[in-house]
Amino acid sequence: MATEFASDAAKQPKLWWWGAVAAAAVILGIVPTMTDISLQLDLSILFVFMLLAMSMGFLWGYAGILSFGQTIFFGLGGYAYTILAMNMGTTGLPFLMAVLLPVVFAAVLGYFMIYGQISDIYLSVITLVVTLIFEKSMRSTSGPEYVIGTVRLNGQNGIPGVPGLVLPWIGDAPLSIAGVFYLSGGLVLCVYVGLRMILTTRFGRVIVGIRENERRMELLGYDARWYKLLAFMLAALIASLSGVLYAIWGNFVAPEMFNLNQAAQVVIWVIVGGRSTLIGPVVGTGVIQYLSNWLGTVGVGQVTVVLGAILMIFVLVFPRGLLPTLGAAIAALWSAKDRKGRGK
Amino acid sequence: MTGLAVMLQTTQLEKRFGGVRAVAGVDFTLREGELRCLIGPNGAGKSTFFRLLTGQMKPTAGALMICGQDVTRARANEIAALGVGIKNQIPDVMNGLSVSENLWLAASQRFRGAQARRAVEKVAERLFLTGILNRLVGELAHGQRQWVEIAMVIVGEPKIVLLDEPAAGMSDEETARTAELIREINKDTTIIVVEHDMPFIRQIAQTVTVFHQGRILLEGLFDAVVADPTVREVYLGRAGV
Ligand SMILES: Nc1ncnc2c1ncn2[C@@H]1O[C@H](COP(=O)(O)OP(=O)(O)OP(=O)(O)O)[C@@H](O)[C@H]1O
Ligand SMILES: [Mg+2]
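Residue numbers (the working numbering), protein chains in the order written: chain L, 1 to 344; chain A, 1 to 241.
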């Protein structure tokens with residue numbers, strides 16, 4: 001029987017996995033020395049989006065919670081960093097606060113949805129509606145009366161001039177382009193390793209158990225609501241981290257961070273990459289973003305339509321996503337070769 | 001028996017599904033150390049009664065006390081935390097996970113760290129699961145899945161164990177082993193067993209409660225119950241015993 005999810009997520013990763021992580025870290029370290037600024041910028045935004053994809057992929061694949069609105073926390077993180085940093089004149093503390101504030105909102109929203117025992121499909125719909133409400137509200141803040149401290153919210157025009165992150169142990173100047181590259185790439189790696197480690201802890205194993213059979217877990221004495229809420233908050237943390245980095249990367253935030261297009265992108269990354277592994281959404285983000293850039297350069301006007309078609313193909317033909325499908329194909333090839341070998 | 005502590009008690013417990021009263025006002029008392037058998041025809045309300053006792057469903061009327069606490073409106077996990085374990089009628093396990101992961105999740109609600117791992121090893125040995133610890137539960141045969149679920153129930157050392165048709169789909173040999181296991185667990189655990197298999201019940205039975213149309217028809221010792229003409233009429237006659 002082929003199962004959709006790896007059943008050994010609870011086990012400590014093998015040596016080759018750590019080797020791969022170390023190799024990724026080394027590559028990350030040397031890339032800025034060998035590439036130009038524009039490629040570093042492109043890769044940095046890719047890393048930012050990979051975090052956002054991991055946030056949704058982890059929540060859906062491992063906790064069984066399908067949230068269409070991880071952009072809620074992405075947008076909130078970006079706006080929180082912008083408003084706090086511009087008001088306080090520093091960036092370190094605003095960075096931390098901006099990452100954590102959306103988690104507080106996730107706790108409240110998650111509490112009402114999860115403890116309110118709404119069905120899974122409503123949770124998906126509500127998260128989507130909430131992100132659209134944020135988009136609409138932010139769009140309607142163009143008037144001069146919408147000021148937080150000294151910062152005008154500017155409605156649909158967004159807020160330009162977001163200060164870059166100053167890390168005191170590196171210097172007084174904001175992070176350079178290479179610095180942002182290291183920060184976002186390093187965080188992708190850290191979040192990936194961190195999530196992988198969490199899956200080996202009691203909490204990680206319990207949420208996977210709840211995904212498999214929530215009623216059984218309750219009959220064993222686990223309060224499923226509490227664990228699901230924690231998983232929701234953890235995913236929000238990753239999404240808000242992504243949003244803060246987005247603001248730092250582009251020195252700009254706008255209501256588009258919350259919008260349907262952005263939310264749909266996340267869904268496409270995760271479905272194409274596959275939610276049954278942690279790395280799937282990361283790969284999906286890379287493939288889709290590369291593809292849409294390429295479509296743009298060769299002059300295909302309807303990038304969105306093409307992406308939509310790709311999404312449909314994956315949903316209908318490869319519902320497990322790119323990585324698991326490739327994995328299964330390779331496994332099938334191996335065993336076919338094995339059989340042939342034994343047949344001789 | 002009457003001197004022993006009451007572990008579980010229901011008063012006028014009722015569950016309605018629309019017009020159907022699946023459980024229709026049941027007064028039931030279970031004392032410490034009992035091994036109670038629950039029998040009755042299909043649709044008598046036995047499984048629904050079990051779901052009410054474990055918080056999987058909320059009663060539409062009546063009250064439920066477990067270990068002296070009113071748990072009529074309690075959630076399933078709260079009742080489980082009082083020391084109630086259940087094997088549901090249909091195997092109710094984590095199909096996508098390995099046997100050992102299933103057992104570990106069950107054990108780690110009560111034990112931590114190395115203790116949980118030891119509890120898993122012990123229960124696996126006791127139920128002959130050691131050889132299949134790394135198999136996916138979803139790949140196992142129905143009978144084996146039942147054993148896994150029983151192992152998950154007892155690994156947490158509950159005070160009250162509810163078994164809904166533990167011998168269904170098992171071979172004669174497995175059934176005999178199940179009967180033996182139940183008697184063994186009963187040495188330090190209070191148990192209710194729902195079964196249709198009368199020879200099986202004969203092996204383990206002390207007091208038998210007969211359900212019929214959501215009500216308790218009769219309660220008594222095994223021999224008295226099977227000799228009762230009404231029980232023969234509503235249940236045993238059809239079951240061919
Ligand atoms: N979720 C439900 N919704 C509606 N009706 C239900 C539900 N669950 C059970 N019933 C009905 O309640 C009655 C009792 O069912 P229950 O499963 O408790 O019987 P049972 O004694 O366990 O039978 P069996 O021996 O076949 O397992 C039946 O008429 C059944 O159709
Ligand atoms: Mg039943």
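For the record, the hints were derived by calculation from the structure and aren't laboratory data.
Predicted model, so just to flag it, every value in this text is computed and none were measured.
Keep in mind that a hint or two might mislead.
[As the list claims (entries may be wrong)] Some chain A residues near chain L, calculated using beta-carbon distances under 7 Å: (1) Ala-63; (2) Val-71; (3) Ala-74; (4) Asn-77; (5) Leu-82; (6) Gly-83; (7) Asp-92; (8) Ala-106; (9) Gln-109; (10) Gly-113; (11) Val-226.
Where is the CB? At the ideal position from N, CA and C, for every residue including glycine.
Evaluation of the provided hints:
1. Taking 7 Å as the C-beta contact cut-off toward chain L, the hint placing Ala-63 (chain A) at the interface is violated, the least distance being around 21 Å.
2. Interface restraint check for Val-71 (chain A): the shortest CB-CB distance to chain L comes to about 13 Å, outside 7 Å, so the restraint is violated.
3. A hinted interface residue such as Ala-74 (chain A) counts as satisfied when its beta carbon comes closer than 7 Å to some beta carbon of chain L; here the least separation is about 11 Å, so the hint is violated.
4. At about 5 Å, the closest approach between the beta carbon of Asn-77 (chain A) and any beta carbon in chain L falls short of 7 Å, and the interface hint on this residue holds.
5. A least Cβ separation of about 9 Å between Leu-82 (chain A) and chain L goes past the 7 Å threshold, and the interface hint is therefore violated.
6. Checking Gly-83 (chain A) against chain L: minimum C-beta separation of about 9 Å lies over 7 Å; hint violated.
7. With a cut of 7 Å, the hint placing Asp-92 (chain A) at the interface with chain L holds, because the nearest CB-to-CB distance is about 5 Å.
8. Taking 7 Å as the C-beta contact cut-off toward chain L, the hint placing Ala-106 (chain A) at the interface holds, the least distance being around 5 Å.
9. Satisfaction of the interface hint for Gln-109 (chain A) is found here, the shortest Cβ-Cβ separation to chain L being roughly 4 Å, below the 7 Å cut-off.
10. With a cut of 7 Å, the hint placing Gly-113 (chain A) at the interface with chain L is violated, because the nearest CB-to-CB distance is about 9 Å.
11. Interface hint status for Val-226 (chain A): violated, as the beta-carbon distance to the closest one in chain L is roughly 32 Å, over 7 Å.
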